[in-house]
Every structure is written in C-alpha cells, then in structure tokens.
Amino acid sequence: MKNSIAERVNDFIKNYPPFNFIKPESLLEISKQVSIIYLDKGDTLFKKGDHYNEHFYMTRNGAITLYHTSINNTLEIINISDGGDVFGLRPLIAKENYKLTAIANEESIVYAIPIDAFQLITQKNARVQKFLITAFATNTYDPYTAEEAGKIFVDYLPNNNQDMVNFQTANYSKNPITCPLTSTVKEAAIIMSKHRIGCIIVVNENNHPSGIITNSDIKNKIATGRYPIETLVTKIMSSPVITSSKGITVAEGQLQMIKHNIGHLCITKDGTINSKLIGVLTHHDVLVSLGNNPSVILKEIKRAKRTRELRAARLKAETLIKSYIEQSIPISHIFKIMAQINDAVTHRAVKIAIKKMPSKPPVAFVWMSLGSQGRKEQLLFTDQDNAIIFEDVKEGIYDETKAYFLDLAKLVTKSLNKIGFEYCEADMMASNAEWCKSLTEWKSQFNEWILNPDEKAMLLSSIFFDFSPTYGDDSLTLKLSESIYDTLDKTQLFFKFLGRDALKNPSPLTFFKQFVLEKNGDQKDLFNIKSRALMPLIDAARVLTLTNRIKGVNSTYERFEKLAELEPNNKELYESCSYAFKALSKFKTKQGILHNNTGKFIELSTLNKEEQLKLRRCFKPINEIQESLILRFDLKNFG
Amino acid sequence: MKLFSWFKKKETYPDFWEAYLGYFKNKKEQPVPDTRFVAFDTETTGFNIKEDRVLSIGAVSFIDKKISINESLELYVKQDVFKPETVEIHGLMRSDNVDKVSELEAIKAFLKYIKGDILIAHHAGFDKGMINEMLQRHGLGKLKNQFIDTGVLYKRSLHIIYQERAKPYSLDFLGKELNVPMVDRHTATGDALITALVFLKILGRLDKRKHLNWGYLLNK
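Residue numbers (my numbering), protein chains in the order written: chain A, 76 to 714; chain B, 56 to 275.
Derived from the structure by calculation, the hints contain no laboratory data. Ideal Cβ positions, reconstructed from N, Cα and C, are used throughout, including at glycine. Incorrect hints may appear among the rest.
Claimed, not checked - Cross-link-like lysine-lysine pairs, in silico, DSS-like; alpha carbons within 27 Å at most:
hint : chain 1 : residue 1 : chain 2 : residue 2
1    : A       : K430      : A       : K380
2    : A       : K380      : B       : K231
3    : B       : K120      : A       : K116
4    : A       : K89       : B       : K121
5    : B       : K121      : A       : K123
6    : B       : K120      : A       : K123
7    : A       : K107      : B       : K121
8    : A       : K77       : B       : K80
9    : A       : K411      : A       : K489
10   : A       : K116      : B       : K121
11   : A       : K77       : B       : K210
Claimed, not checked - Only some residues are given here: those of chain A computed to face chain B with a beta carbon under 8 Å:
hint : residue
12   : S110
13   : L114
14   : L150
15   : E182
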C-alpha cells in the first residue's frame with residue numbers, strides 16, 4: 076500500500092548521515108517503521124538511568140538538548156541536536172540504560188527510528204557503523220573524543236568557546252580547613268559548622284593530606300547510624316585524596332574531577348600526597364570560573380555570526396546567574412549585567428536578521444524591548460515582548476515599508492525563540508502587524524490608550540509603557556516618550572485606571588496571615604510570586620513614575636529609588652519597596668534555577684521557616700504601597 | 056412500531072457496522088496522555104456534500120504525542136463522479152496509478168481504523184459531512200465519534216485580546232503560525248499529518264496554561 080508520510084520522512088532523512096549511506100530502496104523500508112514524536116519545550120524524551128528504548132532519534136524540527144548529570148546532580152549541557160542530527164544512540168551501540176538526558180530545547184519534532192529494523196539493513200554497512208560510533212562518541216561526556224573527531228559532526232558544542240577560561244589557572248581556596256588523624260567525627264563536624272564549609276581535609280602530623288570528609292559522608296555514614304558520632308575520622312574518610320600542584324588549570328581540574336568522580340581536589344606543594352597541603356579546589360570553584368566572566372560572554376555575543384552562537388552565549392549567562400546567586404552578589408548588580416547581556420543578544424539578533432534581508436532598512440527604525448526586558452529586570456529566559464517604530468514615510472510607500480519591517484521582525488523573533496526567549500503568548504511582538512508601525516501611528520496608539528482607557532488598554536499598557544530601545548535610532552523612542560507625557564498632562568482618568576490596575580492583585584496574605592495560594596487547576600499548592608508579589612510593585616512603580624514624569628528610568632527598583640529622591644516624605648516606603656522587589660526577584664530566580672523554569676510558582680512546602688518569614692516580610696511594603704495608591708488617586712469608590 | 060424498527064435495524068446492519076458501534080458501548084474517559092486520537096482528512100471532487108464524492112481518505116493516529124507511520128491509513132476511492140477542475144488542488148486523476156478501493160471497502164477500512172476514538176480534523180464539519188453522506192449511501196448510520204476541530208480549538212487557545220477578531224483560520228495559516236512543516240499539502244495523508252501536528256502544538260500551548268482537560272478540548 077502507498078504510504079505518503081513514509082515517503083516524506085524518507086525525503087528528509089536521506090539527506091543526512093548515516094541515512095545517506097543507505098541504498099534508497101532499503102531506506103524506504105526503514106522510513107515506514109519510523110514514529111514521529113512531538114515534543115513541547117521542556118519535554119523529556121529520555122533521562123539518565125532510563126531503560127533503553129527500541130529507537131534512536133533524529134531531530135526533524137527544533138532542537139533537543141543532551142545533558143550530562145554531574146556528581147552533584149546538576150545538569151550540564153553536552154550537545155544540542157538540531158535538524159538532521161542523530162542522538163540517543165547508546166542502545167544501538169550497547170544495550171545499556173541511558174547515561175544522558177534528552178530534553179526539548181524548544182518545540183520540536185523528532186523521528187524515532189526503530190533499532191531492529193535499522194540494524195537488519197545496516198549491519199554490513201561499514202560507513203554507517205563508523206559514522207554512528209563517531210556520533211555516539213561526540214555526544215558522550217568525553218572532551219578528548221570530541222577533539223579527535225575533528226569536530227566534523229560537532230557543529231555545536233557549548234564548551235568550545237570557553238577555551239579562554241579553561242586554560243586559566245584555577246582559583247582554589249587557600250588556607251584549607253583541616254583536622255588531625257586523631258580527631259573524632261564529632262570534632263571534625265564542629266569545625267566544619269564553625270567555618271560553614273562542606274568538607275574538611277584530614278592531615279597527618281606533617282600536614283600532608285590523608286583523607287577527606289564531606290557533608291555527604293556525615294549524612295550517609297553517621298546520621299544513618301552506621302557509625303557512632305565518636306568514631307575516628309580515619310574510619311569514615313575517603314582516602315587517599317586526589318592531589319594536584321597549584322598551577323592546575325580550570326580544564327585540568329574539571330577533568331580530574333570527572334575522571335575520579337569526585338568533587339574536591341587537594342592542592343599540595345609538589346602535587347603529590349606526600350607534601351604539604353596548600354589549598355582545595357572544589358567543583359563549585361570550577362563552575363564559578365567557567366561561568367563568571369561576563370566580558371567573555373559579551374565578546375562572544377558581539378562576534379556571533381549565527382543564532383546558535385548567540386544561544387550558546389546566552390546559555391552561559393545562565394551559569395553566570397547561578398554562581399552569582401550562590402555567591403550572594405547583590406541582585407541589582409546581577410540585573411545590570413543580565414540586562415546588558417540580554418540587550419546585546421537582542422541587538423546582535425537584529426543585526427544578523429538585517430544581514431539576511433534582501434536589502435538594507437529603507438528608513439530609520441528602532442527595535443524596542445517591552446515588559447520585563449524593557450524594564451531591564453529579566454534574569455531567566457521569559458517570553459519575548461517587543462515592537463518596532465519606524466520613521467514616518469510618505470503614504471505611497473507606507474505599505475512596502477511596513478512589510479519590510481514585518482519580515483525583519485519575523486526573522487528576529489524566530490531567532491530569539493531559538494535562543495530561548497519564548498514567543499509571547501499574547502503575540503505582543505514586532506512581527507505582529509499591530510506592533511510594528513510608524514512613529515505617528517505609535518503616538519496615536521498611545522494617545523488612544525491614555526485618553527480612552529478600558530480593560531484592554533490596561534492589559535496592554537502594563538507591557539507597552541515599559542519600553543526601552545535595543546537597536547537602532549533611539550531618538551524615535553525619545554519622541555514617543557515626549558508625546559506620551561504631553562498627552563498624560565491632559566487627563567487624570569488614565570492614572571486612576573492604572574492605579575486601580577495596580578490593586579487588582581490584593582495583598583498576598585489573607586486575613587488569617589496565610590499565603591494566598593493558587594486555586595485553579597494543577598497549580599494547587601503553589602504561590603504565584605509573579606502575579607501576587609512582583610506585579611503589584613511593578614505596577615505601582617510604573618504609575619508613580621508616569622505621574623512624576625520620570626524619563627529613562629525603567630527598572631522597578633531604580634524607579635522606587637528615584638521616587639524616594641523626589642518625594643522625601645515617602646522615602647521610607649519607597650526604599651522598602653525597592654528592597655522588597657529585589658528580594659522577591661532573587662527568590663523567583665532561585666526557584667527558577669532550582670526547577671529550570673521561570674520560577675513564577677513557588678512550592679511553599681519546599682521553603683524552610685526562615686525563607687517563609689523572609690517572604691512575608693517583603694509583603695508589608697506591598698500592602699502599604701497599595702494603600703497609598705488608593706489615597707493618592709482617590710480609588711476608594713472608583714471601580 | 057418503534058420496537059419493530061429497532062429490530063429491523065438490528066437485522067439489516069452488516070457486521071462491520073455492529074463492530075463499530077460496539078466500540079461505543081461502556082466507553083470510559085481516559086486521561087489525555089493515554090487516549091488514542093485519529094487525525095484525518097478527505098480529498099473530494101468538490102465542496103458540495105450531497106453531490107461531490109470522496110476521492111481519498113488519509114489518517115494518522117497517535118497516543119501521547121507519538122505518531123507511528125506504519126499505523127497510518129491511506130485510502131484511494133474509486134468514484135464515477137469526476138471533476139477535472141479540482142484535479143489542480145488534490146492532484147488525483149481518475150486513472151492514477153494507485154491501488155483504489157470501492158466506497159464500501161473504504162468505509163470498512165476507515166471504521167476499523169478509527170474505532171471509537173476521538174477524531175480530529177481541520178474544519179471538521181466538512182469532512183464529517185462527506186463521510187456521513189458516504190455512510191448513508193450504503194444504508195448505514197452517522198459517525199458516532201467525538202470530534203475536535205483544530206480551527207475552533209486554535210481560536211479558543213488565543214489570548215483573549217485577539218479572539219474577538221474572528222478570521223477563518225486556514226490550515227495553511229495555522230501551519231505557518233505554529234511552524235509545522237508543510238509537506239504534501241492537499242493530499243489527504245499529508246493534511247492529516249499536518250492536522251495532527253497542529254493539534255499537538257495547540258495542546259502544548261494549552262498545557263502551559265493548565266487548560267488541558269476534556270471539558271475544554273471537547274468544548275463541553
């Protein structure tokens with residue numbers, strides 16, 4: 076029987092190795108057995124430890140990220156499989172459980188190729204076998220193999236560009252905390268908790284390292300009752316330790332850790348265990364050195380020629396946030412660096428898109444970032460919100476001008492999506508004809524919202540009033556701002572609407588001082604930190620900024636700081652709002668990193684008492700600012 | 056009279072129709088990921104449900120986002136009605152070199168394939184009408200399956216701001232919006248696959264907003 080779909084699958088796979096090495100008539104037999112799998116962003120195809128499937132995979136559309144699970148259970152990216160790449164080859168080579176985890180990096184379609192059918196046909200085909208072994212090695216966690224393969228099949232490896240950092244000398248902890256061989260575990264634990272450290276080195280009388288005890292040793296060997304607490308450290312320590320001399324590079328350190336499956340390296344005077352201990356290099360130190368270089372990331376972004384390079388750079392920034400949060404670096408600093416990186420990524424994406432267009436932009440334009448990116452407070456990947464203003468043109472050429480910018484915007488939003496910024500659900504993107512227009516049209520659009528406020532205008536204004544120029548001629552955004560303030564002078568009603576909008580999410584605590592939890596659907600026990608706690612502050616800052624005619628201050632915490640300056644009698648309130656906003660953002664980001672999502676929903680049961688209290692403390696200023704809005708805009712009977 | 060006609064029906068229906076009806080007895084609702092869906096499309100001689108005829112039926116089935124190609128259905132139907140002007144759209148010639156089956160055989164194969172499962176089609180009303188008309192010509196009842204129309208579902212999945220601007224969402228438009236590879240457009244199987252992928256992508260969007268339940272999907 077005719078099978079058109081199999082023919083189309085065949086048309087696709089025959090272009091890529093290993094299928095291009097197979098005879099056409101045999102290939103069609105394989106194509107008929109293929110399954111098509113649709114994956115939503117974040118869907119897991121298989122994970123480490125899963126029993127092997129009867130299939131291996133080829134990406135048809137989108138991209139699948141392959142992760143290695145590191146010793147401390149975090150996921151590290153090994154490779155990203157784009158269209159035409161094969162992966163999940165382990166069961167084909169060895170019938171073992173998966174060692175990697177495959178998660179959809181974006182919406183993807185994957186072909187699942189049955190191994191039995193495939194092997195029946197390709198057993199004797201040497202080229203196919205050779206390719207598969209190379210491809211398999213490339214996706215395995217082994218930097219050496221990847222290098223030997225000459226990167227023929229590795230057109231994307233996120234670690235490639237980290238060479239600069241890799242060969243820096245590792246920044247290890249000097250003055251390591253130690254205890255003698257004669258200590259008991261209890262004594263060692265007391266020293267560890269006093270110094271707030273996760274491991275202690277056991278040294279002999281010459282100060283040579285003999286063994287190491289980590290938190291998990293204490294958890295697994297003492298807390299479980301296997302050994303009494305007065306046991307000698309020598310009984311439970313891991314010994315011998317792995318050592319190195321102090322000139323070790325980040326890359327070498329990482330390799331040693333992978334090779335010996337450990338999280339700590341002892342640095343000694345001559346690099347052996349028979350010399351004096353001078354420091355400890357932890358896995359955390361390595362992670363920090365790999366990620367903590369914003370200037371390297373920025374340089375990479377500016378040099379990027381393709382979207383996938385931008386994606387690699389932006390992913391590295393994610394590691395950066397992680398280490399910053401771990402190091403308790405002030406959130407305002409993290410905001411600034413990430414805003415710079417996000418702007419640079421967007422800027423570069425627009426530039427690459429312009430190159431792809433058949434001609435240069437016909438007139439001046441500006442690419443505006445809206446919403447959280449416009450406010451410069453986007454830390455994790457979130458939705459993209461953007462718009463284009465182009466210079467006014469004569470009526471005759473208006474349509475073609477707009478068509479040009481719409482095409483451009485489509486290219487940009489597509490590549491931003493590939494980088495990791497999801498499409499805006501509400502389609503507030505420059506690729507939508509409504510949000511790509513000339514300056515005059517934008518002015519009248521804002522006038523319409525301001526002079527005739529309604530529910531819909533409010534929904535939109537929360538996004539559109541936080542705009543900042545990212546690429547192009549920013550005199551266009553300045554002109555728009557001026558026009559907006561002129562119109563705002565003519566009306567008070569709009570402020571009332573905005574004020575009321577800022578109150579739409581009442582205090583996050585109920586009368587009984589319980590958290591207000593989400594009651595709809597599956598998110599039952601979750602607290603929505605974005606809509607309940609952050610949005611009221613963001614909305615309040617926006618309406619107060621507009622009332623005070625503040626220009627060019629976009630981020631919420633800076634808006635509150637500016638307001639504190641302008642209104643000394645409310646200084647305390649505004650400063651506490653600024654603080655609360657920063658603390659809550661940090662909360663959200665930590666949760667996002669923990670659960671690998673936007674961090675919008677917080678599972679209260681995972682917070683300890685102290686964190687819950689901290690969260691509550693931030694709610695007080697929310698109550699107060701909402702009450703002050705009611706008074707200021709006379710909202711008591713406005714509804 | 057009522058009893059009589061019931062008996063009459065019972066006796067005159069062929070076995071395959073009885074088997075089909077059997078799928079709907081004691082049918083229980085399952086969780087969405089365990090449910091088999093069938094996306095299908097028909098190519099016809101035209102758009103008049105009464106006069107035009109089905110030239111081919113294509114269908115793919117899937118459970119939990121996985122479409123098996125060797126379980127797809129591709130039927131070409133022998134028809135006496137032939138309109139040269141629609142050949143341009145579907146490319147099916149009267150004497151095309153494919154194995155064709157009679158209408159009755161097509162019905163049997165189709166019913167056996169769809170069972171009591173949920174059917175998905177784009178602008179489902181038309182395809183449903185064409186199949187029902189076909190069933191009627193052979194003295195059978197109408198399709199009993201529940202339907203999901205991807206056009207309607209897409210519209211409901213949109214943000215409230217854009218919903219009011221109703222436009223007829225064509226399969227081409229949705230394919231482009233949702234970034235579905237548009238291959239074999241205007242063949243029944245090709246369109247069935249596109250419809251299935253469009254459906255899965257909309258489902259993905261709904262999932263994020265926690266709307267994924269039967270009440271919403273079937274618009275109960």
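Hints numbered earlier in the text: which of these fail when held up against the supplied structure?
8, 11 and 14
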